[in-house]
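Q: Residue numbers (the numbering used here), protein chains in the order written: chain A, 1 to 294; chain B, 1 to 326.
Simulated from the structure, these hints should not be mistaken for lab results. Careful: at least some of the hints might be erroneous.
As the list claims (entries may be wrong) - Below, computed lysine to any residue pairings styled on SDA-like, alpha-carbon distance capped at 20 Å:
| hint | chain 1 | residue 1 | chain 2 | residue 2 |
| --- | --- | --- | --- | --- |
| 1 | A | Lys287 | B | Pro101 |
| 2 | B | Lys195 | B | Asp230 |
| 3 | B | Lys106 | A | Phe279 |
Claimed, not checked - Simulated coverage check for chain A against chain B, where a stretch passes if three residues somewhere in it have a Cβ under 8 Å from a Cβ of chain B:
| hint | segment |
| --- | --- |
| 4 | 94-104 |
| 5 | 230-236 |
| 6 | 264-275 |
Stated by the list, open to error - Here are the computed distance ranges between Cβ atoms for each label pair:
| hint | chain 1 | residue 1 | chain 2 | residue 2 | range |
| --- | --- | --- | --- | --- | --- |
| 7 | A | Arg173 | B | Lys169 | 53 to 61 Å |
| 8 | B | Val96 | A | Ser285 | 16 to 24 Å |
| 9 | A | Leu78 | B | Pro141 | 31 to 39 Å |
| 10 | B | Ser301 | A | Phe171 | 39 to 47 Å |
| 11 | B | Ala17 | A | Ser268 | 32 to 40 Å |
| 12 | B | Ser129 | A | Gly118 | 28 to 36 Å |
Don't be surprised by glycine CBs; every beta carbon is placed ideally from N, CA and C.
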Amino acid sequence: MELLPQALIDGLLIGGIYITIAIGFSLAYGVMHIIDFAVGEWIMLGAFLGYYLNLWSALDPFILLPAVFLAFFLIGYLIQPLVYRVISGKKGNPVLMGLVFTFGLGLMFRGSALTGFGFYSHSIPSAISQNSFFLEMGGMFITIPYVRLAGLLYALAVTMVLHFVLKKTNFGRAVRALSQHREASGLMGINAKRISSYVYGIYVGISAMTGVIIGSIFTINAQMGGEYSILAFFIVVLAGMGYLPGVPWASFLLGLVQSFFLIYLNPSYTLMAVFGILFTILLISPKGLFGRGV
Amino acid sequence: MSRKYLLLILFCGILLAVPSIVRDTFYLRIVTEAFMWIGLAISWDVLAGYTGYLNFGHGIFFGVGAYTTSILMNLCGWSFFMTLPVSALVAAVVAVIAGIPTLRLKGAYFAIATWALARAIQQMVLVASFTGGPDGMRLPPFLHPGFFYYTMLIVVGGVFALNWFLLEKAPFGLKVKAIREDDQSAMSLGLNPTKIKLQAFLLSAVPAGILGAIYAYWITYIDPASVLGDMVTDQAVVMAVFGGLGTLIGPAIGAVIIFLFKTYFWAYLSDYQVLYLIILGGVIAASVVFLPNGLWGTITSYRQSDKALKHEPVSSRSDDKGDPHV
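The shape of chain B in the complex, shown without the other chains (with noise of 0.2 Å):
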């Protein structure tokens, strides 16, 4: 046990010292938006691993959040640190009204719901005045990449351990998981499916607005294609399906290997940048067929099964995937 919080603040140590070590802006960058990835990867995650609804318009609460920060800032002249609590609000809205009629109903519908209200809010943008339409919008810029790269790296490991300490330690996963595997007998056992599930939608919703707001200081132009595309929301998907749905430690795998693969993808192979799209679905679609637990839950299955097999007699081995990994 010690051994492993050694290991624990050691990584920690690490990941404080990056920007000391690695002095290179570029590569700089590369870390920090990975951390972006690995937060938007396990945010969304929360809904999908953990309650069993897909919400493939994630990408929603990103774009919300970033044009919050960018409308306040550019309109309301705020500093950056006074939008994020409002964008986080906004988001959290946003969860609230797209979530109260859908998550009452099976996940086809709220997969549905998501999907549609993704492309309205990108069309409203588009349309609107205040936020620039298809010109997109301009922050005031502040170049400093080790600031973004704290920033990052304290949002998403708050909200790692947040996600840590409710989904695997706390009543609150518990609740959820009762919900995801059957929500009727959760019911009779007197949990609201409908609040908790909404419950964990802001907790999946929120850190993506916050994320949104990070970014669009950071790259300081946000347009409705790069913040509300469809692109937020795909890699998000695969990250999280390609490395493990309903673990922590798993899509920010999957985002981790993803994200490396598509910056050495767009780096060396530009011209064929659509050719990423194929690949986006294709390890989607294969790890639906091939990795049902994605890359991590193939893993400690395999880990699972060959201690068992060691330590315990065959009888009392659980068939079960569901022992937390953090």
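Only chain A is shown next, with the shape it has when bound in the complex (with noise of 0.2 Å):
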């Protein structure tokens, strides 16, 4: 019982690491309609270029995070007219085609990292990885780590800030009439290659980011894709493909979910566990928990 509070703090902190691995995913869903294969792999990109300037520049990875944003960024905005070529072709099943084909990138970007970086594990380091905040409560005694924190503030400070250019600003207004109607919002004189390539160059920056935060909590290697992929698509289908406001709470419960399963039972169960849910979701409400997924 004395861990009860500990299995809730720990799996809000990491729930909210999750939010930043799927929101931008169920963005670039809601916008193009493609499920991309190689989500973990921006992931584990980005925490490698974290590591990289890490080491290089000695700068603490939570500095580091603008620029790993906009490297990220560029990256995917250039990709993006590759893939939308790929999903607007007159050719075969567009859809079809871009599950290939973010997979084929997937195992591209997965084979470059183990000849690049090797097999091995990294941590990033940082000035707050070594203090924790201790709290105790009746006898009972919960750890924070600062890190965990900060993660968890970086997390909320991004899903506030999409939020804010999402329902404030013209570009937020644009990418939301495109991912209601694509044609009417075309007539409505929207560029929807370009904004999508905005909307894929953030999605990806996003990502790359949070694979920083994950190496300065967790440790990086380069076969950490599938593992971030397939907690990324569990969030979306949870919270409904595309459906944005649901991948916080979605992100909580499979943060909730992993802390009990590491504290109370074992953690080899876990993969087990979120599939069950997935499984569950998808026989009883395939829209999601809200049922407001496209």
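Need the complex rebuilt from these two chains, each delivered in its own frame; the hints are there to steer you.
A: Here it is as structure tokens:
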């Protein structure tokens, strides 16, 4: 029983990071209707960029976040026309081809990372990695590592900024219009190609930044992509595909499931529990917990 | 027509005679494994090419079949041929369980769910005790290359013939294609899309389970990484997409090309094994961009347009690519 508050706090702290794993992915799905099978690989590549920048410049990973975001925003922006060409092709089944294409990209990224970065695990040391925050309440101890708290704050900040951009700016209005109705928004003068490129860039950038955060909390290696792809898929299906307001709740739920399995049961069974929940959701309410998915 | 059958009989004769021509076990082994990959690629394509549902966990069925046979032979002492129907049955059960909730939905959900299921099952096999966990399982060795060659040939040939009959000759193929093109209109014609998709999924999963069973007995050692890892699915996907989705011969050609390349690559450049992943990814991404119909689809569409220009008036030329190629 004395572990319950710790399990809850851990779940919320981890769940926060999961928001940023899935929110860009869900946004990209809403706008482009593409499932990016390379989502975990973008996280992995971002993490390694953070790792090498940190080695080279000795700056704190949290300070490096904007640089990583910019670099990957640019990569995403430049790669998107190719993705767009695949998913809007006339031949074959474009949605299917989009899936296959990103699957291939993911394989390529994983292979390149294994070649370039090797099989070893690394971590990105942050100045706040060593310290934790202790709470004592009625004989129960709670440990909150600073770095995890910073991760949660980062995730909340990203979510807030994204919310502001989507709700208050013209760009956000265009993005929302595009995800509602592609043709009609085109008639209103929205350039679908350009907006999609920006959205893809934002998605790739957020995923890459999250990789750096993951690197400063856990460890990173070239094979980590699949694990995070599965978490992103889980959250997005639970929240309803393309339904952004559901993402934080689904992420916190995943965080709690994971921390409870870690503390009370065997962590080896986490993946099966995650799949069990995913399966049940697909069986009962395929549009997500809120029934609002696309 | 009769020339076509003659060629077919000749081809079958050559295939049957291979073990007496190829004396070297090494090469016989390569041919046998090539058959296995043909089987995996065409069985993947049944679902992906004909119904438009991408199964990113095809390795599940292969692995489940391999593990069923190993467990039955090791722990229950069954003979190999008795385990084959059980492996097929277990693969079918897994397919039904995974298919019922997801095949009702759009393809993206199915792709995600099968991908997640593959990892969940791998995890399950790693932690379970009766599967040997990460150490894998050993099977009683049976060193008879010819036996495995013929078993693989019969199974893959049977699967090919069955798919050819069901998808290109029987009404089932038309139903499946109707659902791929537009499941709303197919429904209005009285078809039950979920049921037909589930049947196609079974047609795709069961052969993979049987191939897995044969592989386990042939290689005599299996572990989660070799039979349930991503590599089985990844290669089957690349072979089918590169060869041409929605045809029978395309994935088979893709399988032979990719498999021979892989064998050559691993034999001569074994220091650069991870490069193979990059090449697989590159081949798949490039064939999506440049050869959306795959190698075979591109060849036949050239041939067709050539023929059409020569023999038919342009007005009656149809643009569809749905002509059955065997």
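Q: Flag every earlier hint the structure violates by its number, smallest first.
A: 2, 9 and 11
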